[in-house]
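Peer 1: Here's the letter readout for the chains.
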Amino acid sequence: MLLIHCPYCDEQRAEIEFAYAGEAHIARPPDPSALSDEDWSRYLFIRSNPRGRHHERWRHIHGCGRFFNAVRDTVTDTFEATYKAGEPRR
Amino acid sequence: MADALLRTDPVSGRAFAGDGVKISLAPPMARYSLRARQPEVLERLLGLKLSRQIGATLNGAACLGPDEWLLRAPAGTSLTTAAGLPVAITEVSERSVCLIVEGVRAAEVLAAVCPLDLDRYALGRATRTVFETVEIVLLRTGEERFEVEVWRSFAPWLNTSLQTAAGQLR
Numbered sequence: 038m039l040l041i042h043c044p045y046c047d048e049q050r051a052e053i054e055f056a057y058a059g060e061a062h063i064a065r066p067p068d069p070s071a072l073s074d075e076d077w078s079r080y081l082f083i084r085s086n087p088r089g090r091h092h093e094r095w096r097h098i099h100g101c102g103r104f105f106n107a108v109r110d111t112v113t114d115t116f117e118a119t120y121k122a123g124e125p126r127r
Numbered sequence: 003m004a005d006a007l008l009r010t011d012p013v014s015g016r017a018f019a020g021d022g023v024k025i026s027l028a029p030p031m032a033r034y035s036l037r038a039r040q041p042e043v044l045e046r047l048l049g050l051k052l053s054r055q056i057g058a059t060l061n062g063a064a065c066l067g068p069d070e071w072l073l074r075a076p077a078g079t080s081l082t083t084a085a086g087l088p089v090a091i092t093e094v095s096e097r098s099v100c101l102i103v104e105g106v107r108a109a110e111v112l113a114a115v116c117p118l119d120l121d122r123y124a125l126g127r128a129t130r131t132v133f134e135t136v137e138i139v140l141l142r143t144g145e146e147r148f149e150v151e152v153w154r155s156f157a158p159w160l161n162t163s164l165q166t167a168a169g170q171l172r
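Taken in sequence, the protein lines are chains A and B. All letters in the first sequence, in the order written, are residues 38 to 127 by this note's numbering. All letters in the second sequence, in the order written, are residues 3 to 172 by this note's numbering.
Not one of these hints is a red herring.
Here are a few chain B residues that sit away from chain A, every Cβ distance over 10 Å (derived from the structure):
1. T79
2. S80
3. V94
4. S95
5. W153
Which residues of chain B face chain A? A few of them, derived with a C-beta cut under 8 Å, are:
6. I56
7. L66
8. P68
Hints were generated in silico from the structure; no laboratory data involved. Note that the Cβ used here is the ideal one computed from N, Cα and C, for glycine as well.
Here chain B stands alone, though its shape is the one from the complex (with noise of 0.2 Å):
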C-alpha cells in the first residue's frame, strides 16, 4: 500500500482517446534485463525457454540481441541472483514505462516516426528502435495493440509526440 502511495508516474495515468487509437499508460510491471553469451545457463537458472531468435518473444522474454532479453513479468516478481555463474540478471523495472497504443489507426500513429514497417511487424515481435529521436523497445503484443517500452525521463516527450501524431495524422 505504502508502495502505491509514493508512486509517481512520468505520465498521467488517464488514457488519452483519439480518432481510432487509444493511448495508455501500463500498470507497473517487473523489468529484467538478462545477458548470457551461454543461453542455456540462463534457461537452466530461470527455468524458463528463451528465444534464439533476435526479435521474438517467448515466455514473456524478448529476445533483443545475440545475448541479451528483455524480460518483462508482473509486478513484484523477483527473480535469482546469478552469483558465479557466467550470466546478468538485472532488475531494471523502473528504468522504464510501458505506453500502450492500441486501436485501428496505432501501426498508422507509430509509423508517423517509427521507420521499422509496422505492415510486416508481426504479433510477438519485439525490438529495440527509435521513435524520432529517443531510443523504444516496440512490442506487439495484438494485431492492433502495441507496447512502447521507453525510459521514464523521456517518456513525457514521447507521450506527447504520440498524442500529437494521433490528433494530426488523418
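Bound-form chain A, shown alone (with noise of 0.2 Å):
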C-alpha cells in the first residue's frame, strides 16, 4: 500500500483515499485569446512527462478533500515531498 502525506491532514494516508490530478504549476495564459491555436493547444495538452521527478496535483478526495502539489519520481514511485498548494514549486 502507497502511503502519500496529505499536507493539510498533515498525516500520512492510503493511496486509494487520493486522486491524481495530473502536472501541476501549469499556470492559465492571463489573456486567452492573445494566444494563437498552437500556443493554447500547448497549454492544453502538452506536458512535460519526465522520467525521474514529476511535479504533480493530487486531490485527497476521500479524506479532506483539497488539491496540493507533490515531487514524486516517475520510475521509483517514490513521494519525495508534498506541499500546499499556492506554495512555490519545490
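Put the two chains together into one complex, using the hints given.
Peer 2: Next comes the structure, spelled out in C-alpha cells:
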C-alpha cells in the first residue's frame, strides 16, 4: 500500500483515498485570446512527462477534499515531498 | 408520530451480534454540513467553538477539512440559516445513516477493508475515508466503539460487508 502525506491533514494516508490530477504549476495564460491556436493547444495538451522527478497535483478526495502538490519520482514511485497548493515549486 | 410511522431505513433496525462485535443502526439524528473559510463567522453564528484541527471533534462537530465541519446533533435540532454571511449551513440529516460497530473486535473488523491505522486512531477522531470503494466518515466514539457514517444508498452493501468481515475473520 502506497502512503501519501497529505499536507492539510498532516498525516500519511493510503493512496486509495487520493486522486491524481495531472502535472502541477501549469498557469493559465492571463490573456487567452491573445494566444495563437498552436500556443493554446500547447497549454492545454502538452505536458513535460519526465522520467524521474515530476511535479504533480493530487487531491485528497476521500479525506479533507483538498488539492495539493507533490514531487514524485516516476521511476521509483517515491514521493519526495508534498506541499499545499499555492506554495512555491520545490 | 407520523414521522416515525413513515420512516423507512435502508438497513434493518435489528442489531447484528457476531463474535466480539456488534453492528447496529444508530437512531435518526440531525446532521449539518458546515462550510466557511473564516470559522470565526460560523462560530459567532452558532455560538459554539469549532476545532481547527482536521480530524478532531469539538462540540459534536467533526472537522473534516480546512473549511468543512460535520455537525451531528439530536434529531429535530434545527440551525439558523446563514443568509448574507460568507458561510454555508446545509442540512444533510437524511443523506447518510450511521452504523455503530462496537465490541473488542470492532477495530479488527473495520481494518479488514479500511486503510486507516486504527491502532493510532485516537478517541474522538473523525475523518472521511473509504471502506473498500465506499466513502464513509469514521468516528471513534469509544475505545471499542466506532461510528460509520455512510450515504443511505450504500448502507445495505456496507452493512453486509461489515457482517461478512465480522463473520469470516477469526
